[in-house]
Amino acid sequence: MPDALYLWILTLAAFGLFGHRVFRYVKVLSGARGEKRWDHPGQRLRLVLVNVFGQRRLIEEPVIGLAHLVIFWAFVFYAGSFFWNLVRGLFPFLPIPFADQVGWMRIALEAFGVLGLVALAVAAVRRYIFPPDRLEKSRDATIILGLIAVVLGSSLAGQWFGWRSMWWLHMVTVLGFLAYLPYSKHLHLLASPFAVFFGSLRPGSVPAPSPGASSREEFTWRQLFSGLACAECGRCDRSCPSFQGGFALSPKMLMHHMKELVRDASAGHNGTSFVGDVVKREEIWACTTCLACMERCPVMNEHVPILIEMRRRLVGEGDMDKSLQEAFKNLNRYGNSFGAPPRARSKWTQQLDFPVKDARKEPVQYLWFVGDFASYDPRVNAATCAAARVFHNAGLDFGILCESEQNSGNDLRLAGEEGLYESLQEKNLKAFRKAHFEEIVTTDPHSFQVLKHEYPATNGARSVRHHTQLLSDLVLQDKLPLPKKLHMRVTYHDPCYLGRYNAVFNAPRRVLAALGVELVEMPRNRTYSYCCGAGGGRIWMEDPPVFKERPAVSRVREAASLPNVHTLVVVCPKDLVMFQDALKTAGLESRLQVRELSELVEQAMG
Amino acid sequence: MHILVLLKMVPDVVEDLEIASGGTALDLDCQRMILSESDDHALEQALLLKERHGAKLTVLAVDAAEVDDALFTAAAKGADRVMKIVGSDAGLTTRQAARVLSQTIAEEPGLMPVDLILTGVQAIDDLDGLIAPLVADELHMPYLGIITGIALDVSSDTARAIKEYPSGVRGEFQIQLPAVLGIQAAEKPPRYVPVAKIRAAMKTVKIECAQVLTLADGGWPAVNVLEMKQNEPAGHAEMLEGAPAQVSARLCEILAGRGLF
Amino acid sequence: MTGNVCVFAEQWRGQISEATYETLALGREVADKLGAPLTAILTGCNSRNLVRSLGVADSVVYVDHPLLAEILPQTCAAALVQLFLNTRPLALLVPLTNISLGIGTLVGARLGVPVINFCKDIQVAGGRLEARCVMYGGKIEATVGATGDPAVLGIWPGARPAEKGHIERAVPVTDAAVVLEDAEAIRLSKYIEPEAGDVDLTKQDVLVAVGRGIQDRGNLGLAEELAKALGGAVCGSRPVIDQGWLPLSRQIGKSGLTVRPKLYVALGISGAPEHVEGMKGADLIVAVNSDPHAPIFNVAHYGIVGDVLDTLPVLTSMVEARRAHVT
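Chains as they are written, first to last, in the working numbering: chain A, 21 to 626; chain B, 1039 to 1299; chain C, 3 to 329.
Next up, chain A with everything else stripped away, as it sits in the complex (with noise of 0.2 Å):
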C-alpha cells in the first residue's frame, strides 16, 4: 500500500474528528445569544498582532512569557511546515519539495526547534518544580506538553538523522495532536486568536441591557467562547482579590464552568442549573469588578460580563442578601444606599467656612460630582471639606447639585440591577439640565467611569474628569500654588476605576511629585493595583461567613510592608473608607494613616 494511502486515511480520520467537534462547538455557539464583534476590524487586528503574536500578556511574567513565545513561534513554523509537508505527502505527484528541503525554511525549523525543546523544559520545569499559584495541573498538560515535545524532537530527528522512521511519528504525533486538540484546554491554541479578534474593545464596559442569563443560550457566543479559550494558566486567580481572600469566587473556576457548559452542551447533555448549582450564588456576588482579571488574561476573556449577566438574572427574581436589597431600595427611594434624606446630602458644606454654589441656581463652570460617600459618610467628610477647600483656595469656579445628585448608578450596573441605574441616571440627567455648567470634576472614581462614558453629554459639557486630573492639569497649567512641600514618604492605591479601567495613573503621580513628597510605590502598582473590595456593589454585601482576609487588609499590609511610609494616599472616597477599617481590624492604626489626596494638597497650599 502506497505511503501516501495510509496518510490519507490518517489524514481524513484526524480532521474529520477534529472538524466534527469544532463544528458542535460552532453549533453550540451559534444557539446563543448574538453578540456584533466586528466593528472597528482594524484595531482588532492589531489587539490579535500584540497579544497573538506579540504574546503581550504573557510576557508579564518574564520567564514563562519568553519560553510561551518561544514555543508560540515554534507552533506557528511547525504548523506551517506540517501542512506544507501534509499536501506534498497526501499529493506525491506535486512538483513541490518538501519544507525542511527548503533552505532557509530549513534553518527556521532548526532554530525553533531547538528553542522550543528548550522552552518546552523551562516550561516543564516551571510547571511541575515551581509551580505558580493556581496553575491547572491537569494531565491533559502534561500530555500536550510530551505531545509538542515529540512534534519537536521527532522532526528535528528527521532532519538530522533522516526521515524514514521519524516521519510517520512526526505525521502521527501531529495529526493526533489535531484531532486531540478539541478535547483538551488546548484548544486554545485554536480559540485564542478568535477570542482576542473578537474580544471586548472596551473591557471595562458593562454589558448591553439584557434579562440577564442563567442558562447556555441566555449567553452571548463571545460569554460562552471564554470558556473554549481559557487555557487555565491560572493569571486571573492569582490577580483576584476575592479569590485571594478567601471568598467563594475564582474566576478561573468560573471559566471552567463555561467551557463544561459548552462541552456538555455539544456532546448533547444539558442538565444541571446553571446558576445555582454548577455556580453558586455565593460565587456570583463575591466580585468586586475590580477586572484585574481581564486585565492579565492572555485571550481576553470575560469574566466580569458573565458575572453580571448572572447577577441581571438574580436581581429579576429578587433572588440576593437583605442588605444589598436595602441598597437597592434606598437607592431608588433616596438617591443613596445609606438610607439617608437627600435633603441632607449636602450638609457636609455646613463645615466649610465659605458658601459653595449650588449649580442649580448660579451658572458655575466646574459641576462637582461629590457622589454619596463623600457626602454622607463622616469619615469622608473630612476629605472632602479639604478638596472643597482645595478648589476654592485654587480660585476654581465650582458648585454642586445639593439634594438633586443622585448616585451616579455605576455599581448599580455591575450589581445587576441595570433599571435602577436608568432611573438613577435619568434624574441626575434631569438635575443636570437645570444646572449651569462647563465642566464636570468628581472625586469618586466610580462615578467618574460611568458619567464619562455612559452618561450623554449634557449643556454641552466640555469634559468629565476626576479631580485628580484637574489638578493635574493645574500642575502643569502652573495655576496651582503649593509653597509648602511636603518633606513625606508615602505610597499610592490606584483605585481600580481611575487606573485598570481607564488608564489614570500618571495624573496622580504628577501631583504627588508637585507636593514635594517621595512616592514609593507598593509592588501591586499601576495595573497591577489591589482592589479593596468595594467595588461591584460588594460594599453593600454581608461578608459571607467564612473567608480568609479581607482584599483591604492585604492592601493596607502591603502598605504597611514599605519601609518608612507612613501615609498610604487614596483618591476614592470607598478606598478611604475601606483601608481605615482595615487597618483597625490589622491593628495597624499606628503604623499607617490613609489620606485623600486632596488633604495632602490642602496641606501644601499653606
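It is worth saying that the hints were derived from the structure and are not from the lab. The model shown is predicted, which means the values in this text are computed figures rather than measured ones. By construction, the Cβ of each residue, glycine as well, lies at the ideal position given by its N, Cα and C atoms. Heads up, a few of these hints could be off.
If the Cβ cut is set under 7 Å, some of the chain A residues that face chain C in the computed set are [stated by the list, open to error]:
| hint | residue |
| --- | --- |
| 1 | Lys342 |
| 2 | Glu562 |
| 3 | Asp563 |
Since the structure of chain A is provided, determine the placement of chains B and C on it from the hints.
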C-alpha cells in the same frame, strides 16, 4: 380564591417632618410618602398565598400622593388588579378611609366576592382607629390582628392564622373565610422587584379608578387635634459628650458607681 | 358607670397584664383630677379571682362568658358595647398591646364615638381630657382633645409605671351579663410557646441590645464582646431579628420579651415604641445612636450621640480593663 390587599401611604419619617403653619397638622406639601410598612408585609403575605394557591390578587388604595408608585410596584410584584379610589378630599383619617374602602369593596362591581382581606396591622398615623377591624365590621366579617403567618384551606374555606402575643408566644387560630386580617409581618420579608419591572408595569398596567361612593365623615366627631409638634427628647437622658475615649471613660465611672463591675 | 373613667383590664393566660396596671395608674390619675370614680372592666371566663389585683380602681365590673375566655377584639367590643348601652362612661382607656389591639377602635365605631390611639399621657384641662399622643414612630407629639361619651383612648405601654397601678385590694365587684352570639368564625386552636433560647434574657443583669445601627451582621461580634466584658448577653430589636442576625429568642419588645435588667445598653436602636415597651423597666438605660433626635434618648438615662461602631470597641476595652483591675 380572591385576596384583597388594602394599602395606605404614610409620611416617610426618614425625612424630617415639618408641622404646617396652623400647628395642628403635618405639612405634607413637600413631604415624601412611603407605603406603610405593615401594608408592605400584607402585600407580601398575599403574594405568597397567591403563589401557593393560585389565588387572584387585587390591591386597593385610596388615592393619595405617590400611591401610584406603590400600586405599580404591587403590580410588578404580581398583583392581578390594582385599583385606587378617587374623588375624596385629601387627608382622610383612618376611620374615614376605612368607611370609604368598605363602601367601595361592597359596591364596586367586580370586587366582591372576596375570600380574604389583608392589610397592615397598624400604620404610624392611625390616630383615630385601625383599618382592619373597621373594615371587618362594615363588611360583617371576622377580624384578627397581629398576624405573622397564614395557611389557607381552600376546600373548607378556612384559614389557619398565627397571631403574636407578648413574650414571643404565638397563638394559632382557625378562622372562617371571608375574613379580615391585620398583618404584623409576612412569613418572608417583602420581596425585591427590580426597577426595570416596575417601569415596565408603569407602561403596561392600568390602575383602575373607582369613584368614592360616600362622603367620608359618616356622622362622628372629627379628630380634635389641638396641637402637633416635634417630639424632642424631653431632656430625659443625660448626654455624654466627647470622643469615644472620653465618653467611654465617663460611662465606666457611671457603671462603677452603680456597682456594675 | 355614667361619668366614670373606665379601664379595660386585659387578662391573658390567667394573669392581668403589665400594660393593664400601667393603664390603671394613668386612669387613677385622670379619675382623681376629674373627681370621677375609676372602674376597671374585666372580661373572661372563670377569671373572677383576678379582680383582687385591680384594687387601684374604685370598682370592678366583671363580665363572665365562655366566649370571653380569650380576648378577641370583636367579641370584647361587643361585650363592652352592651355594658355601655344605658350607662355611658366619661372615658374608656384600652391598652394598645398585642392582646387588646382593635378593641378600642371597634367600641368607638359601634358607639359612634371618637377614638384616640397612641396615648402616652392624658391631661385634664378645664374639666376636659387632652390626650398626648406619640405618632410617626415617636417623632411627633399630638395633643388631641378627647370628647365624646365615652372618649375611647388607646394607651401606649409605658405611659405610667406599672407599680403605681397594681394594688391588691378587695373592691366592689359588679357581675355583668352579656349576650354574645357565637358565629364560630374565630377559634383559638393552641398556643405556640417560643423556642427555648440558650439564654434566658429575663434573668440577665446586663443586656447589650443591637438595632439597625450596627449596620452589618459582622459587627455583632463587637456587641458580643461588650456583653461578655459586662457579664451579660446580647439581644436585639425587631429589625435585627427580622434580618436573621439574631434568633427570635433574643427579641426585645412588643412581640418579644419584656426585660428589666440592671443595665440595658441600646446600640443603634432608634427607640420606636414597640421596642421601648420591652425594656423601659430597666434600672439603667444607656443609649448610643448617631441620630441626636432618636426617640431612644427619651427613655434612656444616659445618651451618647455617635457612631456605634466607633464607640463600641473603645468602650469594650475600657470595661475589660476596669474589670481586670477590680478582679
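Hint check:
no. : hint   : verdict
1   : Lys342 : holds (5 Å)
2   : Glu562 : holds (6 Å)
3   : Asp563 : holds (5 Å)
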